[in-house]
Amino acid sequence: MNKRIMTVDDFAGIRHMVSATLQEAGYEVVEAKDGRDALSKLESTQVDMVITDLNMPNLDGIGLVEDMRANMAYKFIPIIMLTTESRDSQKQKCKFAGVTGWLSKPFKPEQLLTTVRKVLG
Amino acid sequence: MIDVHREAYREEARELLVELESSLLDLEERPDDKELIGRVFRAMHTIKGSGAMFGFDDIAGFTHQIETVYDRVRQGEIPVTKELINLTLTAKDIIKSMLDEDPQCEAPEGLTPSGVEDAFKRLVAKDEAVNPPKSPAFAAQPEGASLPPFQTATCRIRFAPQREIFLNGTNPIMLLNELRSQGECEIVAHTELVPPIKEINPEYCYTYWDVILTTDRGIDAVKDVFIFVEDQCDLKMEIIDYQSDEDAGENHKRLGEILVEKGDLGREDLQKILSEKKYLGEILVGKGLITPGKVEAALVEQEHLRTIREKAKTKDEPAASIRVPAEKLDILVNLVGELVTVQARLSQTASLLQNVDVASIAEEVERLTEELRDNTLNIRMLPIGTTFGRFKRLVRDLSQELGKEIELTTEGEETELDKTVIEQLNDPLVHLIRNCVDHGIESPETRVANNKPPAGIIHLSASHSGAHVVIRIRDDGKGLDKEVLLTKAVEKGFIHSNTELTEKEIFNLIFLPGFSTAQSVTNVSGRGVGMDVVKRAMATLRGTIEISSEKGTGTLVTIKLPLTLAIVEGLLVAISNQYFVLPLSIVEECVELTEEDTKKSHGRNTAHIRGELVPYIRLRKEFAVPGKPPAIEQIVVTGHNGDRIGFVVDNVIGEHQTVIKNLGRLYKDVEGISGATILGDGTVALIVDVPKLIDKAIQTEERYN
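Protein chains in written order, with the numbering used here: chain A, 1 to 121; chain B, 1001 to 1705.
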């Protein structure tokens, strides 16, 4: 069965680009527009991986990761954070929250796929 | 697709800008509202980040400055002032004009993007006296295009993740798999830290791994594998071997050295143990100095290096293949043919001279010649795969043209055949495959109606069978309808309506010239000029072709070909003082034919062989050899397309391996002879074209009937 990935971003353009890239590579994709939307969709949909933006209204990326890691059901789901910053302090923050990996914007579709494969196998 | 995304970006960014404007105006009234500041920051952040992804680099670069400022505002480092709000509003207008890519409305109040940028920079600068500027977070990532090629190196990696690694969603196995994909890789898992089952916390990772990896992608690529976990694991990585080490050749590291090098074992301990002269690994484990896993890892490393070095050694040898024009090979084969002939003469002369010295030399020459001949012929052998490959395209194009769904599967592409055979095989195979596509496989609708999958399959396979290569073409189409074949044959006057035919004979009707059962002539096939041509081509290649089929389930065409055309294993026979060669592959047995037998059959040219009636052809009569046949003649019984037919000769001399010579232009049209060969004493023996003679006899017979 195809692996299912959730992409979380408040900006539809990015969401669509990520979805299109992943679908072309054979993954199933669920979209969510922010952290809160992601959490509510996770309740009804099982996913193998989450790709989330950092800065979002309602619930940001860090908040989403922290919530997910605190929940038994999502504790071990790999999460990739999309950031515009390559600052170490920010990575540390992500890492501390429980992010599996990160990808700096701007990225090319191939870079996204490489990262997904790295984490999802 | 990119354009769609760009358009989506524009639209969304415009909405964001409208939102940004209202947030800014609100912020002017309530400068301390954290929520509002956050909103402005997020808007800038999104415009910047997404802008760069969709190619709006100017917007991204410009917005980056503003975002940096607002990040600090957010942290409380810079206060919200009227000046800031004004500047941001101008910036917003500039971004909008950049988005619209409309030069007219650029710089509303005479401010250029760089001017605004500078103004923002000034704002930051006030603060930057205290905090040194950050390195630009926005540096373009280096393109990997022009990286220098890496040296092949072997590295030793110990990857010991923290116990909590799973909690970040990391699966260490994925990392190990990624390492595996980078080159030759051996992995040993150390499990000695796994506690007894009662104490296990299933959310912890207790295992660590030793990896030996030989890769040519460079150490940075290896480090990149662990980029997400570098601070969550204990990672040791060192290069232990470069393949280019000139003196690395023979000296493999000893187990003890490896263990000491890796810090798993102290040098003094090693020295002490070595004096005891037993298997080091066993002793170390026995004494509890080291765990079995570590010894295993070291042994694996030793073995890995050994194989890698051996491989490197073989790789260094000069190029594995060279390209030579085909004519050169043909000349070589011809020369070898001459040599074989001369060698046969030498052997014969030597046996006549009865000189031991000459005989031993002749034997030596014979052995060498044979080896030379086999090797030379081998050079011309090519895998049939290239020919198969071409058919994929053929089937694809044809099936599209005819509105059918057909998949071509192949098997045994590596089967080797003489180059000349392969060349001459192409056209007949094309014909057979066209037939499968056109007549064999039904249209998708018909197939579905007959409970078949809509896509038909044509399977092409090649395999060795003794000195022959068997090529099979199987389709799962509608098969051959015997009734239709019979009706057609009667209609066209090939057979009488009351003729009883076996299944095989019915299928063989297809090979008759002018026979076609297709309802309509398409431009793919069906003109009835196909199968007889195919059959003739097979005969020229000294091969045979057979068809079997079951109505509704498909057809199987089997082609049997000799490995090479240059040499024939023949049976040498004599009529009076003339020699002939019959291809041994179709010879089944030899029996005597006495004058008495001939009389008994009342001139009907048939012989009883173990209860079976076998028709025969008298080669003496066929080739008009003068003289009287001996009292006891020989019948060489051949099997051809399932029929047994005998050839009557005076004498069977024996097996003879023959290099085939063409008969030259003058004798090109001689029927019943396919070539010639030169015997040891210099005489010429003609090679009998058995299928041709049989066809001729059958035709004569039919005319009499």
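It cannot be assumed that every hint is accurate.
To be verified - Restricting the straight-line Cα-Cα distance to at most 30 Å, the calculated cross-link-like pairs of lysine-lysine (DSBU-like) are: (1) A:91 with B:1034; (2) B:1600 with B:1692; (3) B:1223 with B:1262; (4) A:118 with A:75; (5) B:1600 with A:93; (6) B:1236 with A:91; (7) B:1600 with A:41.
Derived by calculation from the structure, the hints in this document are not laboratory data.
Tell me if the straight-line CA distance from residue 1600 of chain B to residue 1692 of chain B falls inside 30 Å. holds, 28 Å
Need the status of pair residue 1600 of chain B, residue 41 of chain A: alpha-carbon distance at most 30 Å? Roughly 97 Å separates the two Cα atoms, so the pair is violated.
Mind checking the alpha carbons of residue 1600 of chain B and residue 93 of chain A for me, to see if they're no more than 30 Å apart? Since the Cα atoms of residue 1600 of chain B and residue 93 of chain A sit roughly 108 Å apart, the hinted pair is violated (cutoff 30 Å).
Residue 1236 of chain B paired with residue 91 of chain A [C-alpha distance capped at 30 Å]: At roughly 22 Å apart (the allowed maximum being 30 Å), residue 91 of chain A and residue 1236 of chain B satisfy the hint.
Between residue 1223 of chain B and residue 1262 of chain B, does the CA-CA distance stay at or below 30 Å? holds, 19 Å
Starting from residue 91 of chain A, check that the Cα of residue 1034 of chain B is at most 30 Å away, please. The hint holds at about 23 Å.
Are the Cα positions of residue 118 of chain A and residue 75 of chain A separated by 30 Å at most? holds, 19 Å
In this structure, the hints that do not hold are numbers 5, 7, in rising order.
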